[in-house]
Every structure is written in C-alpha cells, then in structure tokens.
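Those sequence lines, one after another, are chains Z and E.
The numbering used here applies: residue 357 is where the first sequence begins, and numbers increase by one.
The numbering used here applies: residue 25 is where the second sequence begins, and numbers increase by one.
To be clear, the hints were calculated from the coordinates, so they are not data collected in a lab.
As the structure is a computational prediction, the values presented were derived from the model and not from experiment.
Just so you know, not all the hints are guaranteed correct.
Cut-off 27 Å, straight-line C-alpha distance, at most; resulting in silico cross-link-like pairs (DSSO-like, lysine-lysine) [said to hold, decoys possible]: (1) E:Lys153 <-> E:Lys92; (2) Z:Lys570 <-> E:Lys114; (3) E:Lys237 <-> E:Lys306; (4) Z:Lys663 <-> E:Lys131; (5) Z:Lys373 <-> E:Lys243.
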Amino acid sequence: MRVKLTVQKFNPDVDPKPYKKDYFVEASRGMTLLTALLKIKAEIDGTLTFRASCRAAICGSCLMQVNGSQKLACKLPLKEELEHHGKIEVGPMANMPVIKDMVVQMAPFWEKIKAVDPFLMTKNGVEVPTEALKDLHEKLHNADGCIMCGACVSACTSFEVSRGFLGPAALAKAYRFQADPRDQAHVPRLEALQGPDGIWDCVRCNFCVQVCPKDVRPMEQIVRLRRLSIGAGFSESVEARHITEFTKVVGDEGRLNETLLPILMTWGNLKKMLRIIPLGIKMFLHGKTPFPFKRVPGRDEVRAIFKRWEKTK
Amino acid sequence: MKYALFPGCASKGATPELYTSTMKVVGRLGLDIVELEAFNCCGAGVISEADPDLAYTLNARTLATAEKMGINNVMTICGTCQGILGGANKNLQEDDALRDRINRALKDATGLEYHGTVEVKHLQWILVKDFGLDELSKFITHPLNVSIAPFYGCYILRPSRATGFDDWENPTSLEKLIRAVGAYPVEYDGRTKCCGFPVLLEKDQIALSMVAKNVGEAKEKGSDAMVTPCPLCHMSLDIYQDRAEDRLQQTRPDETLGVPILHLPQLLGLAMGFSPKELGMKRHLVSTAPLIEKIQ
Ligand code: SF4
Ligand code: SF4
Ligand code: SF4
Ligand code: SF4
Ligand code: FES
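One chain only, chain E, in its complex shape:
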C-alpha cells in the first residue's frame, strides 16, 4: 500500500525529532511513502474558529493533491492533524453540498478538485491495522522491558464520529504498540484526557494543571516514560513539565515529575535498535537519559 505522508507543521517546525524518527522507522519497515512536500497546515481546529470554509478548503487541497498523485491513503504523524484532516475528510466525503461549495473555491484558487477517494490514517493505526503487529514484531531487535504510559490525547479519539479507528471509551492501539516493543503499558485515567496545549499561552493555569495531573498520575503508576502520537501533546507535556512541577509543588512540595515524553516513532525506533541520538532524544526538555540507561 502506498501512503502520502502529511508531515504537519509541528514535525517540520518545533518537533523536528518527530520527523527524523518517523523517517528512520518507516524506512526500516519498508513502508511505501511519498511525502507531500507542498503541504499546508491542517488548521489545528484554530482556523475553523475563524472561518470553517477556509479550513475545509485548506484540507481539501491536501486531500486533492494526494488524489491527483494517484494515492488514496494519507498518513499523518500528528494526532491533531489526524483529527482535523481526517474529520474534514469525513465531512467532505459525506456531505455533497459541502464538498461542492468547497470544491468551487478550491478550483478557483488552485485548479484542484477533491473527489472524496482518500483515507486519512495515523501512523499508529497503519502499524496496528495495515502493517500488522506480527509483521512489526519481526523488526523488534531490542525489546524495551520498561513501563510506558500511553497518552492518546483528544483528536485521535474524539469525536469518534469523525475518527472511529479506536474505541474512544477504551482505546487499545497504543497499548498494543507498547506491548509490541516489549514494554508494559501503564493503566491510568489520563491517557485519553487533554494535555492543555490549545490554551498554553493564554490560559496557562488550566494547561499546567492538566500537564501536572496527567504526568503526575503516570508517574505515580510507575511509568518510566510516556508515549504520545501527537507532537502537540508532546510539546505541552515535555516543554511545560517543569512549570507544571512548580505548580504541583505549591500544594505538594515533595512531589516531582521528570517523566520523559516520547514520540511514538521514537519508542518504536529504540526497540528497533536505532540510537537515541538518531532518534533526536537530546532535543527533549525533560531528560531521556534515565530511561535510556534503563533500557541499555
């Protein structure tokens, strides 16, 4: 199966280690991938707050580009991109009037048109379903043997009407991948909750409480690290973790956080024998050194 890779702004911007680790992993697995080089932002749910039609047209452009290349599977590596691009795709496929309206604008502006033949799938789903866990296990040369807390975030699960791969109430795909790399999934409530990213800059007290709550809970359950399919969750849980710790210590002075946050491809990459350096683990703000020591 051929996939058009939609890298998303984050992997080409503030989390470049996501992009490099993805390329390493999909290269080793031999997935047939063509990168959408001229991709645009999916809008992250923000552009649709300004103008829903504009956001639809931007996403229709991405989908139409893949279609024009003769590829009908778009691969995302960001949970938020998956939710936004995938959700837009569902609506464009199901609502003829909407698709017509958007296509008129898209055609005027770019000459492109979207016919609704594309599926949008996150790497996480592709590995579990298209590629298969049995096949994946053949590439696991360095089983990890540590406890990993899965952090799904919002958009890869909800609204299920638009995403629909995992069971939103009790998702399992991330746990399956954690087991596939020889690690142990940690059970905790926070795994399907929100990381607070959308309000980090404007409502940091809310965002930091979310980071403190989710990371704190994962730590309490004995996690050596957390893994997420979304670079935005990664940013909020990693970059803001020390501030969240300060906040936590206002009420519980003895509590510390310090849980490394891995991008999904980094977790896979470690178990496939890539070095931490190749996977960009130095770029994290929360040190990954204790984790790496434990798995080596």
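One chain only, chain Z, in its complex shape:
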C-alpha cells in the first residue's frame, strides 16, 4: 500500500519558517513510522533529519508529534495510525525549540531532570539493608519505568504556558527517589519542590498520563509528591490548603461550597484575599455565590464516611 506522509521540514540555517513536504512510501505489513522515515531518508530525501536509536521503544530518542500527539516513531504501526486518523502528519515535539526537522533541543529537559537531584542520597554513603527493598517495585508505582522520551513534557499544558515548570518527567523522577526507602534526603528534596515552578504548577490535565509510552503516569506521581509534602509538614501554603480545606468542607457539608473554599484557602494571606474579593462581589451580583451554610441531604452519611477513615488512619 502506498502511504502519504506529510512531514514538517525546517532547517533554520536556510528556511525562513517550517514548511510541509509530502513523501510517498510503499508500506509493508506492520511497518512502523520509523522504518518509513528511514526508508525516505535512504531512498528519497537524505536531508530528512530525526533522532532514533534502539528501534524498540527503549531509548526514547524517536519521540515526535504524529497527527498532533506525542508518539514514539519506532512503536507506531503506520497502517494503524492511518486507519485511525485518515492521514499521517509528522512534526517535531511541541514545547521544545526545533534544531532541524524532527530534532529538538533537549538540553532544557535534561536541566530539569538534573534539578531534582535524581539520584539516591544517603548519609555518608551508607545504604539501608536489602530487606528494606522488599516491595520496592510496587512502592515506585512504575516511576522507574521512564525512558526520558520527553512526550509528557511536550504534551504538558502547564509547561506550555510556563516554561519554568519542572514538568512531569522531572517530577516523576523526583518521586522515584522519594519512594525509595534507601534515600535519606526526602525532606530537603520535598522542600525544593515547593518552589514557584515545582509540584504545585501541575493542573492535573492528565495529558502526561495519556501520552507516556511507558505508563509512568507522571501526574499520579506528582499527586503522591503533594501528599508526601503535606504529610511532611509543608501544609501552610495556599496550594496545600486548597487540598486540606476542600476536603474539610466536603467532610463537614457533604458538598463543595465555592463561596467558602476561597476564603478558607486564603485565610491569613491578606494579599491573596484582597485579590479574590472583587471577584467574589462580581460573582455575587450574578447570583453565583451559593449560601455558605446550607444543610444538604446525605450530609450525615458523608460525615460517617470521613469518620470511618479517620479511625483507621
């Protein structure tokens, strides 16, 4: 079957801007996108530039955008993609500067991985005994499965608007060491992650979970880091209070009350409070502020559920 691949080409040395080019390949059964690209490079256009190495979804280097989402070229059957989308459009990862065609600048990605101290930190180099490693695999929640392909960062909606954000890959990596019983720097590492570009920048959009080819589920690891942070005493920030106060309101009332929550979250933080007051007034005028103390049916059952878990924990 003859398949058309529309590829985004860009050589910043000669091209004023990226442009699209069509290539046609004879696709054999089970041919992957990477094989097709290699064929194009060998037979049609030697200038076509992309990264690849292992051809087995292990090295993470062939990540690119295909029909708008992040995929490993070596893992992607051409025909399946064509059947799904009716076309094959290939381009470089999003959210990263393009060097040439599908090759992007990965240095900022690596800088962020480095920034979370992605290694075991032990006191005087002493490791805890091997028994502590029992169930380690489960404890890591597959956070050690990352192949550093960059798909998650490329799809991250928070990173898209805030390039300082440490991002899903680095944070999943941070969790990998927070979950390791041998690591003895848990509190300092968590403290470093409280900063303006740390764990609280994630909007929980689930893109990283969706695109990760290794099911690392970075967002879930970020959520775990948040839980660990609150547990370790980093609980007074507005961000941490969003979680604890939200939970408390639902525990008391059975439902969320959008009038009460902002007040509770920002209580004691005058600057933040002043920022939300004009908005509160505007919402009130549009009938958008529910009365904060309304008894809702089913409240007692909800309270009983909260009590039940409090008792066991």
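Fit chain E with the ligands to the given chain Z structure using the hints.
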C-alpha cells in the same frame, strides 16, 4: 432508559444556570430521570490528593445509592464529575481488592455496598449515543446558524483508560452536537486543552494564560461563542475572561476577548426554543447579548 442524575456541586452552587438549563432540556426531550438528591461531592480530584481511599468511598456511596434505587445509569452534567466519578467507577469495577476494601468502609459508615453494576455517562454522551442525534434533531426548532468553538476540557477525555467514550486524540461528540443544533463547529487546538481551573486561586498566572490562549484562539477562528460540558471550565473561561484579557493586553494591547461561554444544555436549549432568560444566560459574566442578537 432510566438515569439517576448526579448534579455535582457546581450546578447546585456557583453555576445554578447549568442545573436549570439541564432540567429544561432533558424535560423537553423526555429523558427518564431521577435526581440523586442526597448526592455528595465527587472529590474533583482534590480529595484523592488528600486521601484516595476516602475519595473512592465517597464515589462508591453515589454509585451504591443509584444501584439501590435499581438504576444502573448515572448521568453527569459536569466533565470533571464524569472523569472523577466515572474513573472511580472503572477502578471499583475492575479491581476486586479495591472494591472489597472500599465496601468495608462504606458498609461500616452507611450500610451501603457497591456491586459494580452502574455506568456513569455524561449528558453529552447520552445525547450522542443513547438518545441519538436523529432523535435530537426532531426537537431543534430554532437552528442557530452561528460558529461555536467546542471546549472539551480534560476530564471528559483523559485518561482514556477511564473515560473511553470519545477518541481523546480526536474527539467528535461535541462537534456532532454543535452541528445538530444547526451551528458550525470551529476547529482549534485549544478544544482538548486545560482551562486552568484547578490552579486559579493559587497559580493565577498559569490559569489566566490558559484562559487567554484558549479563548484567544477560539476568537481568532471566528467563534461567536464557546460551549463546554464542564461547569468548572465554564467558570474559568467565563469568570476569569476579563482578567485573562488584561493579561493578554500586556503583550498585545489591541487584542480583546469577550467570547460568551455556554454550558452544553444552554446551547441545546437555545436551539429548542427556550428563551435566554429561561436558560439563565444573564448569569454569565461575559455578556451573551451579542450572541443572542445574532441568533434571533
Ligand atoms: S497533569 Fe500536570 S504534569 Fe501532567 S501534563 Fe498536565 S499539567 Fe503537566
Ligand atoms: S514519564 Fe513517560 S512520557 Fe515522560 S519522559 Fe518518561 S517515559 Fe517519556
Ligand atoms: S467535581 Fe466539582 S462539581 Fe463535580 S461533584 Fe466535585 S466539586 Fe462538585
Ligand atoms: S479543562 Fe478545566 S475544569 Fe475541565 S477538567 Fe481541565 S482543569 Fe478541570
Ligand atoms: S528508537 Fe529508541 S525509542 Fe524509538
């Protein structure tokens, strides 16, 4: 088919116009609906950050209540509720150990137990699949003839492992409904992105950039309005739109936003001949007047 309506906190709180417009529309369509009056919050992904088991138990309570009423379809009208309640349901159905653990707590606290027989479906999906677009078209008396940008938001699409109705890479249900009401769906990247709602209060620079980006893009493509199946997306895109505009104008002083944000039932309601007043369109912060003028 009988549905247990899970209204969600937002439709009973800060976006009451979602609740009233839903009731108008489902009433006219004749959907067989019983409201879960004693529902509790789904947790919005926030309670599970504090305690996942607690969040599961709260959602199991909702599901078990519907089950006890003999109804095995729960209808949501909030994209976030759909993602959270629907996702919890999937896990409770598939993971026996989890269901047992949660059921023990649920039984202790409320006497209820969840057996895993319930499906959770957003109104958007019910209309496209259970009710059907052909049937729906019979109720469209006032085709809208305007351009509408679909805004799916996150949780109704991702993670697809838990939601799975639409194709997360290229969803179509909202576009189908836009066409069904005689309007034209606008194509733009932002439709599956995030509205920023979860960090509005604590990281407003991120949230506002998202609002500015998504609304700006929809406007640039000629949208007369945006429509969303999620009241939280509605809040962020509507209530914060003027602040997002201020932010946008820091770099591009001539650009304005001012795109009305409709709840899905409001869009349907307009095309079914309900008045803007009946649909609560005055409650929006971004004026819906120019849109209404255009369709009348
Ligand atoms: S869930 Fe968080 S980390 Fe993952 S892509 Fe979305 S914003 Fe980024
Ligand atoms: S977490 Fe997944 S998507 Fe992100 S870099 Fe690692 S393997 Fe790639
Ligand atoms: S997600 Fe929001 S609207 Fe849905 S039940 Fe939870 S708090 Fe309520
Ligand atoms: S788009 Fe907004 S409201 Fe919708 S799920 Fe994402 S963050 Fe939540
Ligand atoms: S070539 Fe190594 S992951 Fe694709």
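*Please flag the earlier hints that this structure goes against, numbers listed from lowest up.*
none
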